[in-house]
Amino acid sequence: MKQVLILGGGAAGLAAAVELSRRGILSTVVDSAPSAGGMAARLACKGSPACQHCDACLPHDLRREALLSPMVNLLVSSELGFIARGEHGFQATVRRPEGCEDYDFSAVILAVGALPFDPDKDPRLHSRDSPDIISSLDIERSLAESNSLAVPSTGRVPESMAIIQCVGSRDSRHGAPYCSKACCKYGSKLGRRLRHLYPGLRLTFFYMDWRPVDAGEAAPEDWAAEDEMVRAVRSRPSEILAAGRPVVRYATEADNLVEESFDIVMLSVGMLPRPDNPRLAEAFGIGVDEHGFLVSELEDVIVAGTCAGPRDLGESIEEGTAAAGRAAAYLGARP
Amino acid sequence: MSAPTVLVVGVGSAAVEAAREIVAQGGRAVLVRSLGSRKQCFLRIPSGIEVIEAELVGAEGSPGSFHARLRAPGGDDMVVDCSAVVLCPSTGDRPAGGAASLDERCAAEAAESVRSVAFVLPAGSPRPSFIRAVRAASELRARAARPSVAAFAAEMTAYGTDEVVYAQAQADGVLFVRTPEAEVSLDPPRVAARDQTTGREIEIFPDLLVMERRSEHAEVLTSGSFAVARGSPGMGAVATVREGILSPGPEYERLEAERVTGARAAATRAMTLAVHPEDRASRAAVVDRERCAACLTCARVCPFSAARPAEEGKASIDGALCQACGVCVGACPARALSLPSYAEVAEHEREIIMGDRQ
Ligand SMILES: Cc1cc2nc3c(=O)[nH]c(=O)nc-3n(C[C@H](O)[C@H](O)[C@H](O)COP(=O)(O)OP(=O)(O)OC[C@H]3O[C@@H](n4cnc5c(N)ncnc54)[C@H](O)[C@@H]3O)c2cc1C
Ligand code: SF4
Ligand code: SF4
Ligand code: SF4
Ligand code: SF4
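Protein sequence lines correspond, in order, to chains A and B. Using the working numbering, read the first sequence as starting at 4 and increasing by one per residue. Using the working numbering, read the second sequence as starting at -2 and increasing by one per residue.
Possibly wrong hints are sitting among the right ones.
As the list claims (entries may be wrong) - In silico SDA-like cross-links for lysine to any residue, where the CA-CA straight-line distance does not exceed 20 Å:
| no. | chain 1 | residue 1 | chain 2 | residue 2 |
| --- | --- | --- | --- | --- |
| 1 | B | Lys311 | B | Ala296 |
| 2 | A | Lys5 | B | Phe301 |
| 3 | B | Lys311 | B | Phe301 |
| 4 | A | Lys124 | A | Ser241 |
| 5 | B | Lys311 | B | Gly327 |
| 6 | A | Lys5 | B | Gly23 |
It is worth saying that the hints were derived from the structure and are not from the lab.
Based on the provided sequences and hints, a complete structural model is requested.
Laid out in structure tokens, this is it:
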């Protein structure tokens, strides 16, 4: 039976697998992680309490459907070994914990995702020097696992927090020159979730530009106007200092340099292309763009999700769904 | 089996892309468009797509068998049978002003003699407008005459890799002024604003002024007189609340690349539903009418408005809306509600997930 290889079982890969299975087309999803879901598996629901349309639950639904479908062969803790283009598609070896397996694939969907920016890479953030300067991913994980957040150094309930947007994005010296596109969405929604969980929490939202993915999303100034515990500051902090409590140094509109301390500083990290993208591109005969994201013009190698550029979950899932349609069209045209 | 028919509604590029994708996936695409006040459409329609000049006024039925009612410009109604519908609201359907969105071709059309150009984008401008203005501004700036170019915008919305294009425009000397509402007068053309970033007052007398209009965000997607609410996250990608009616969202809310992706995803979902109509109703919660106490707790708690009062005030569940979320099952004081497949799925899932985690 003809089948499709899906490399990467995150939001995009699972969306592709599920859509193919609904068409009656078999796929094998190969993911190196011990369980499917990708980055989204580490994200929290941002309902506060009503649903905020953060989309973090979608991959869970997709994963469940993929697990239940006989048309999806989901291989976790697995990697692609040998891959070669044959007469009718690709011959591949998949390395599994229990040994190697050989497969023939008619088409390939690459959905290996991106990497979150590591704040330790930017010395101005001093995230190594204070346990209270943490990445948004740590906060997502804490909320996802325990539905709570404590000040890391003291274990207490946080009373003040700074959210710093564009960390590792829009900065070609420390991170990436592009905008990561999903962090305005998740940064503000995480903030609202935290405000709902901790009525006594004062939040300061530092941002340069408001780039919501939903046109209807209220801007930070409107959020601050409706919630007196929230302050929106349009400034990109020049440095985060690790004093007793973390200190944010930023310029005000009038160009005064101000320092303010907080219980927790959350860094809204962006996305970087995976360093092995060029190797993968070569193996499949496709290319990478100027930033290192995958690009394909081949009919039988389709890229989807954040391995192709910065995207949020909604767009990654749409792209995975569209990739399934393209793969189905390709398979249908070749008897 | 003959190719399933999918109706694509809209005049913009997303509609054409969706129709093209449906044909590529082996379907029959019927593009329904109502040009309205526009005399003609400049988009090239690829071969294999049928075009009907009409407005969609209603769609009855479910995935696999919709009866779409179309109204031709003469006022005649016709019914087209189709498997699914892809709704692509275009700029003409924009709430608050149906004018065309800012077009980057305006740069090519500007006279060679222009010395000073201003772009004005108020808060609530269509999402793709900012980067179009940036591209047009850079193109003008690259002319031998080096006209001065300023862009007044409420937000510099250069999403994703568009940021690099925006940074280049800044480096090329395009002046960007952040202001929620620039002051514009026309005779003589004048734009003035206080830049929110630097606090500076800026006044410009351009000889070319390009203005964008704001549009409101609506929870309902409309195309002419046809309207359907956007789906919630749980309904999946490009869903609306009506199963089998898909939408990549309105064109004025999506960037170019997102629009192409969304159109292809909607076409894919439409083709999947056409070949294998899913039945949301078979997963819907069921009411045990013997037990139901007509308290309507379920109607209040259901996040999808699927639970409603019916005969004798007892609850009934609308199978097309129910997402099988189980909220009502837990809330019903009379234990009259249940999800049919839940016990079975839960058992199967537990086995598989345990296997997955090993
Ligand atoms: C802190 C943070 C919070 C976010 N919050 C939100 C949010 O609230 N809402 C939102 O819409 N978006 C959010 N995003 C963005 C979102 O996470 C991504 O858009 C989405 O997860 C991308 O999905 P993907 O399938 O493309 O990639 P991923 O989810 O990264 O999946 C890629 C998969 O491929 C596997 N893989 C990688 N390389 C290989 C290989 N060589 N072989 C086999 N398998 C491989 C990985 O193990 C992984 O499972 C957030 C991002 C970050 C960093
Ligand atoms: S995870 Fe996000 S989209 Fe899902 S229910 Fe929670 S807030 Fe809504
Ligand atoms: S999405 Fe927002 S926070 Fe993220 S890089 Fe872009 S502007 Fe910055
Ligand atoms: S909550 Fe239960 S008892 Fe009340 S109306 Fe609904 S089904 Fe009937
Ligand atoms: S299961 Fe959920 S969606 Fe369905 S009727 Fe009950 S509350 Fe509404």
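Against the structure, the hints come out as follows:
1. For the suggested pair B/Lys311 and B/Ala296, the alpha carbons sit about 10 Å apart, so the restraint of at most 20 Å is met.
2. About 39 Å separates the Cα atoms of A/Lys5 and B/Phe301, which puts this hinted pair outside 20 Å; it is violated.
3. In summary, the hint linking B/Lys311 to B/Phe301 is supported, as the alpha carbons are separated by about 18 Å, within the 20 Å threshold.
4. The straight-line distance between the Cα atoms of A/Lys124 and A/Ser241 is roughly 15 Å, inside the 20 Å bound, and the hint therefore holds.
5. A hinted pair counts as satisfied when its Cα atoms are at most 20 Å apart, and B/Lys311 with B/Gly327 qualifies at roughly 17 Å.
6. For a cut-off of 20 Å, the pair hint linking A/Lys5 to B/Gly23 stands: about 18 Å separates their Cα positions.
Consistency note: the structure conflicts with earlier hint 2 alone.
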